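Engineer: Next come the chains, spelled out residue by residue.
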Amino acid sequence: MQTWNGQATGEIAILIDGTTATANQISLPSPGIILQLIVFGLLLGAIYGLVALGLTMIFGVMDVINFAHGAFMVVAMYVVWALSSATGLSPFLFIPLAVVVLFGLGVAVHLITIKPIMEAPQENQLIVTFGVLLILVSSIELYFSPDPQNYDIDLGSIAVGGAFIPEGQLIAMIIAVVAVVGTWLFLKKTMLGRAIRGTADNRDGAQYVGINIQRIDYLTFGIGAALAGLAGAAIPLFQTFDPFIGDAWLINAFVVVVLGGLGSFPGALLGGMVIGFVEVFGRFFLPGSFYQVVIFGIFILVLLILPQGLLGGGPSE
Amino acid sequence: MVQVSDRLESALARYGAFRKQWYATPLLLTIIFVILTALPFIRGLAFLGIAPLAWLSLNMLIVTLVWATTAQAWNIMSGYTGQFSFGHAAFFGLGAYATIIAVSEFAISPWIGMAIGSVTAGLFGLFIGAVSFRYKLKGHYFALATLAFAELLRFLFNNINAVGGASGYIRPLPVEYADDHGLAAFQFTSDLPYYYIILTFLLVVTIISFVIKRSKLGLYFFAIREEERAAAAVGIPTYRYKLIGVTISAGLTAWAGAFWAMYFETIRPETVFDLLINVEVLLPAIVGGIGTVIGPIIGSFIVTPVAEFARQSVDLHGLNNIIYGLVLVAIVLYSPKGVISWPARVIELLRERTRILNRSTTEQVSSDDD
Chain A
138 MQTWNGQATG EIAILIDGTT ATANQISLPS PGIILQLIVF GLLLGAIYGL VALGLTMIFG
198 VMDVINFAHG AFMVVAMYVV WALSSATGLS PFLFIPLAVV VLFGLGVAVH LITIKPIMEA
258 PQENQLIVTF GVLLILVSSI ELYFSPDPQN YDIDLGSIAV GGAFIPEGQL IAMIIAVVAV
318 VGTWLFLKKT MLGRAIRGTA DNRDGAQYVG INIQRIDYLT FGIGAALAGL AGAAIPLFQT
378 FDPFIGDAWL INAFVVVVLG GLGSFPGALL GGMVIGFVEV FGRFFLPGSF YQVVIFGIFI
438 LVLLILPQGL LGGGPSE
Chain B
85 MVQVSDRLES ALARYGAFRK QWYATPLLLT IIFVILTALP FIRGLAFLGI APLAWLSLNM
145 LIVTLVWATT AQAWNIMSGY TGQFSFGHAA FFGLGAYATI IAVSEFAISP WIGMAIGSVT
205 AGLFGLFIGA VSFRYKLKGH YFALATLAFA ELLRFLFNNI NAVGGASGYI RPLPVEYADD
265 HGLAAFQFTS DLPYYYIILT FLLVVTIISF VIKRSKLGLY FFAIREEERA AAAVGIPTYR
325 YKLIGVTISA GLTAWAGAFW AMYFETIRPE TVFDLLINVE VLLPAIVGGI GTVIGPIIGS
385 FIVTPVAEFA RQSVDLHGLN NIIYGLVLVA IVLYSPKGVI SWPARVIELL RERTRILNRS
445 TTEQVSSDDD
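Protein sequences, first through last, are from chains A and B. Under the working numbering, the first residue of the first sequence carries the number 138, and numbering increases by one thereafter. Under the working numbering, the first residue of the second sequence carries the number 85, and numbering increases by one thereafter.
Just so you know, the hints here were simulated from the structure itself, not pulled from any lab data. Note that the structure is predicted; figures quoted are calculated from it, not measured. Don't take every hint at face value.
A partial selection of chain B residues facing chain A, derived with a Cβ cut-off under 10 Å [claimed, not checked]:
(1) 162
(2) 170
(3) 219
(4) 236
(5) 247
(6) 249
(7) 307
(8) 359
(9) 360
(10) 378
(11) 382
(12) 402
Each pair of labels, with its calculated beta carbon distance range [claimed, not checked]:
(13) 421(B) - 172(A): 38 to 48 Å
(14) 432(B) - 311(A): 21 to 31 Å
(15) 350(B) - 283(A): 41 to 51 Å
(16) 418(B) - 339(A): 28 to 38 Å
We treat Cβ as the ideally placed atom computed from N, Cα and C, and that holds for glycine.
Could you put together the complete structure from these sequences and hints?
Structural biologist: And the structure:
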């Protein structure tokens, strides 16, 4: 698997007022730069929240750590990119289609690989989803080549109160916020959503009150994959992508999910914001990819000291 | 047809009885290692004009033995004690880096580097175990914690230029730290000596693994795996024994990393700490049979040569990973006990068939009576 050079926020130094400030030269950044970093942190945090949402949902309901989550994102990127390049139409038209495709793919992956071993030890599901990751990512690499790609769209950036907001990232953030609110309403207000939450709370109990947990499982996995697909389809709006980019997002999404509390919904958003800010500020103030060391440091500390996360969840016996 | 399956069944039954003997595993291991010793010479042999193993290059065999060694080492911890590690790349990479740093930065013997790497990896494993087990991490949480430590090292080595940074190290020539090619320099002009060195590593790790399994230590390990609370209740200090398991496993995994550093020309964080290394380390054990001594060796010979062949000889990037993925999914879904359990499964299926056949004939007879 290839290295990943996250360009999530682009070259911040260049974007900010055209200056080429680097980490070493700056001791006290101006308020304008801080404001810009906060904006980038919010934008990236929302995307992390969306990426983590599907992961935490699958974990909360099914107790499965889905390593294929990042691969699902990549599949969605290539679905949108391939269709929009083939037809010449705007990629935005194909984002909803990618979500539907990913729901189907998620249900299929669940029925073939997860359902037969739901009762097996936890490691088995981890290994199987990693196998799915390898198959999906390498098939894409084989079919589309490992070269980086990008959507054929030209998005500018807008200036708000002294801070620049790249349009692609703004749209991605709006997509993320709408999806998060939509999923939240679905889980809170509909019968199916309540059944899913009930199953997450207590699988046995849900079964006793007549919830068909097998149906809940495949719907959950499908929705989780669809959310991964939505996140995946939105990310190329602001960065280039290749078949391996899912790994980087997946690993940080694990951090987000554990930080927020495995299975916790608001936790995923809070964790997403924390990691988004750490990444943006870390990229600016620390050399190289040291921010990633900080992120894993946080991850390990949370796992050890606060395994239930910031907001609920908790290690299951 | 029935006769053939009968014969197969009795042969398998005899094999089953043989496997129950105390000497079965050592005898099978001896046979396996004798074959492995001769393998570089017999792989080119032709039978009726066909050389079935000719596609196996020495390089593929060496890589196969590397992953067999790591799987054997991983197995001692995750197979025996049941603490599933998804971060053994940390120990593999530490072994590789300690060795290459010894020869590149200090011009000392790679063997000393390997010893340092092994101890460092063991201590790092001890540290991971100490913090994780103290906080009672298990299952998903433990797997994620081990992965986090491996990824942490990847980014640390990537960003610290004193240890090569992202570009890593290029293996120096033997004259820069030793006299010439040879055992002392851990560098050779051909692949054959490398093959026998990694075979020796595998042999030593296998013997350690076997001795542990047959000892009281192994008994405690398996007790922890089966039911940790019960093990603790009968007085086994589970925390201490889990730490022993992770330390031994980590220290031995570093050997394979050290070999990797001296066999390949470059070492980078992305080649030894990569996410996929975590899988390659443990895959043979899962395919062959978790918790068995023979399984990791058999497992590596089932997956690695095919994947390496796909990677080296077929010009299709990613095909080897697809093979890994398919094997992972298939083995976990259909045979979670690994290939090693197949003789017993076949005999079960055959017995089942015979039972059905017998029942239908008796039914036939009884219906004739009526």
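Engineer: Give a verdict on every hint.
Structural biologist: Checked hints:
no., hint, in the structure
1, 162, "holds, 8 Å"
2, 170, "holds, 7 Å"
3, 219, "holds, 5 Å"
4, 236, "holds, 4 Å"
5, 247, "violated, 13 Å"
6, 249, "holds, 8 Å"
7, 307, "violated, 17 Å"
8, 359, "holds, 6 Å"
9, 360, "holds, 5 Å"
10, 378, "violated, 20 Å"
11, 382, "violated, 18 Å"
12, 402, "holds, 3 Å"
13, 421(B) - 172(A): 38 to 48 Å, "violated, 59 Å"
14, 432(B) - 311(A): 21 to 31 Å, "violated, 58 Å"
15, 350(B) - 283(A): 41 to 51 Å, "violated, 19 Å"
16, 418(B) - 339(A): 28 to 38 Å, "holds, 31 Å"
Hint compliance for this structure: hints 5, 7, 10, 11, 13, 14, 15 are not met, and every other hint is.
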